[in-house]
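S.K.: Go by the hints and put chain E onto chain A.
There are 2 protein chains.
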Amino acid sequence: MTLNRKFVLDNRPKTAASADNFRMIEETLPALQDGQVLIRHHYLSLDPYMRGRMNDTKSYAQPQALGQVMIGGTVGEVVESRCDKFRVGDHVVGMGGWQLYSIVDGHLPGAIRKVDTRQVPISHYLGAVGMPGVTAYYGLVHIISPKAGDTVTVSAASGAVGSAFGALAKARGCRVVGIAGGQEKCDYVVNTLGFDACIDYKQHADAVSLSRALHAACPNGIDGHFENVGGKVLDAVMLRTNAFARIAVCGMIAGYDGVPLPMAYPALILVNRLKVEGFIVSEHMDVWPAALQELGQLVGSGQFRPRETVAEGLDSAPEAFLGLLKGRNFGKQLVKLI
Amino acid sequence: MTLNRKFVLDNRPKTAASADNFRMIEETLPALQDGQVLIRHHYLSLDPYMRGRMNDTKSYAQPQALGQVMIGGTVGEVVESRCDKFRVGDHVVGMGGWQLYSIVDGHLPGAIRKVDTRQVPISHYLGAVGMPGVTAYYGLVHIISPKAGDTVTVSAASGAVGSAFGALAKARGCRVVGIAGGQEKCDYVVNTLGFDACIDYKQHADAVSLSRALHAACPNGIDGHFENVGGKVLDAVMLRTNAFARIAVCGMIAGYDGVPLPMAYPALILVNRLKVEGFIVSEHMDVWPAALQELGQLVGSGQFRPRETVAEGLDSAPEAFLGLLKGRNFGKQLVKLI
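For the record, the sequence lines run as chains A and E.
Using our numbering, you'd call the opening residue of the first sequence number 225 and step up by one each time.
Using our numbering, you'd call the opening residue of the second sequence number 225 and step up by one each time.
Looking at chain A on its own, in the form it has when it is part of the complex (with noise of 0.2 Å):
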């Protein structure tokens, strides 16, 4: 008899999502059939796609159904295992969701898949070497696709999406441009991560200040950007993209809330023939493979040492989940339940 905790979805927001919006659920979870697999976890992801799937609209995924556990990527540990592929310690990265166990059936294809500890701690494989890394991944190589001495962007740039994006494009020879809120951020993604130079936007009122800043950082202009926030970002970093850069769209999170943010100078993908590509990257599963060699590799040699932000205990997860909508989190959002 195993207790299990969840939050599930109680009500969808009408603007800003809020605590009030989850719904604590305590239960007692069912023996094991056959071929299935019991998951003690030891960390729950948060990402601002999460926040998309809690309104009811069109988008690329369905919507977070009422009364059922949050979605979410999960880390841990099999605790009883009735499947012959999967034995009790064994570490697995899943979509357990916000919720101390799961049940996954273990010859799902893809529903969780081992992972190795011994050079990189189970919690980067819901960071630098899982979804967030990889998403950073398909950006740089197969949108933007940049040649070394190119200069690239991204907004963001100290959470999870892009600091892997910096790791990797540097490995490619790029200039790499990091823009972030606030000094300690900003000095963290240039001292730490190792850009060459990261752009407060609080500084800036508006996108043509912030564009001036971005000249400064780009002289030679910006030929790839990996867009995580949208909005005044997006215009600033349009207004100082070269003939033929790409522009790998990843988040609007800036929109989620309901608020429409209009793109201020769209007759620049004319002038600067600039291709601006939206993408998934769940829908590129044959990409992971590569990705997660190469992150791995750069996290396991220590060239690249992401940041986690940990909140504890799963009562903790609706305000941290708010916080990282806001901005507050420092690296990778995680929520630590063990």
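These are calculated hints, taken from the structure and not from any lab test.
We put the CB at the ideal spot given by N, CA and C, even for glycine.
Treat the hints with care, since some could be wrong.
[Said to hold, decoys possible] Not close to chain E: a few residues of chain A, all C-beta gaps over 12 Å, as computed:
id : residue
1  : Lys-238
2  : Asn-496
3  : Leu-516
4  : Gln-527
[Stated by the list, open to error] Here are the simulated lysine-lysine pairs, BS3-like style, with alpha carbons at most 30 Å apart:
id : chain 1 : residue 1 : chain 2 : residue 2
5  : E       : Lys-394   : E       : Lys-371
6  : A       : Lys-456   : A       : Lys-371
7  : A       : Lys-394   : A       : Lys-456
8  : E       : Lys-560   : A       : Lys-238
9  : E       : Lys-338   : A       : Lys-456
10 : E       : Lys-238   : E       : Lys-550
11 : E       : Lys-338   : E       : Lys-560
12 : A       : Lys-456   : E       : Lys-238
13 : E       : Lys-550   : E       : Lys-560
M.R.: Frame of chain A, contents of chain E only:
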């Protein structure tokens, strides 16, 4: 002694372009030097890109120089030649500008090109079998890259680019839906050009209303779009895009007069994983031979009968150009010079 007449750019528009921006000059042409060719222009092409050149702002091309003959595509006849590659009587297409005659170095690669006027009327080498046609070809074939059964849309559908786009897309088995201004143009797009449907954007006050009409005309959504206009038309199309739709951005005519036109729903780039790509056809000379071959065949066989609006005489060029910017032309806008 040949007397030439030409329009130069006298001053740059502050907001909207006006006839006062141009000035007529008469001049006596010098005798030909070795290697040169004298061309009597039959037709001058008027195109939206000329408005961009009149501004002194950063763009993909150098601004039109003040006091110099206005840039423009021309077709004409060689009337004197000191180049062994061209003979008197040859029909040629080139960038002769807003004037009656031009003198060209016949050995300069790409400066002028001989055309065969037995199957294709000479004026069409400025339209369907010229730059506008190749523009449509590049956007359709190299950016949208549709498969049979895809639904594709195009703004300014009755124009030179839009009509060629429709003919090329129908030849590939697409459902083709146009967007144009006024019932007369829409009727022409459907009844003469053979589009599956055409929507009159003037009947819709905003993008949401226009997008409802697109929904009715594109019941399976939009897989590819060719943008000649920008503004609410692009917004409306984006609201109806399918996942992985491709948008070729060729023109933002509504924004040329200096009014910034935002894109209302850029988050759709992510939500629908769109690829939005700007291009100018003169940077893709490698596609011209294949494009001109297919377009010449479509016109020569009578499958595609492009429409022209012909202004009479060089003096009419400024007013005809201003009318083009306001959408008063119907099909390819030309000036007859002979």
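S.K.: Does each hint hold? Answer for all of them.
M.R.: Results for each hint:
Every CB of chain E is more than 12 Å from the CB of A/Lys-238 (nearest about 18 Å), matching its label as outside the interface. Taking the minimum C-beta to C-beta distance to chain E, about 7 Å, the non-interface status of A/Asn-496 is violated against the 12 Å cut. The Cβ of A/Leu-516 lies farther than 12 Å from every Cβ of chain E, with a closest approach of about 22 Å, so its non-interface assignment holds. With a cut of 12 Å on Cβ distances, A/Gln-527 stays outside the contact zone with chain E, its closest approach being about 30 Å.
A distance of roughly 11 Å separates the Cα atoms of E/Lys-394 and E/Lys-371; the hinted pair therefore holds under the 30 Å criterion. Between A/Lys-456 and A/Lys-371 the CA atoms are separated by roughly 27 Å; this keeps the pair inside 30 Å, and the hint holds. Proximity of A/Lys-394 to A/Lys-456 is assessed by CA-CA distance (about 25 Å); at most 30 Å being required, the pair is judged to hold. Proximity of E/Lys-560 to A/Lys-238 is assessed by CA-CA distance (about 61 Å); at most 30 Å being required, the pair is judged violated.
As the CA atoms of E/Lys-338 and A/Lys-456 are separated by approximately 49 Å, the hinted pair breaks the 30 Å bound. With a C-alpha separation of about 17 Å, the suggested pairing of E/Lys-238 with E/Lys-550 holds against the 30 Å cut-off. Between E/Lys-338 and E/Lys-560 the alpha-carbon distance is near 19 Å, which keeps this suggested pair within the 30 Å criterion. A hinted pair counts as satisfied when its Cα atoms are at most 30 Å apart, and A/Lys-456 with E/Lys-238 qualifies at roughly 27 Å.
Among the hinted pairs, E/Lys-550 with E/Lys-560 is consistent with the structure: their alpha-carbon atoms are about 20 Å apart, no more than 30 Å.
Checked against the numbered hints given earlier, this structure breaks hints 2, 8, 9; the rest are met.
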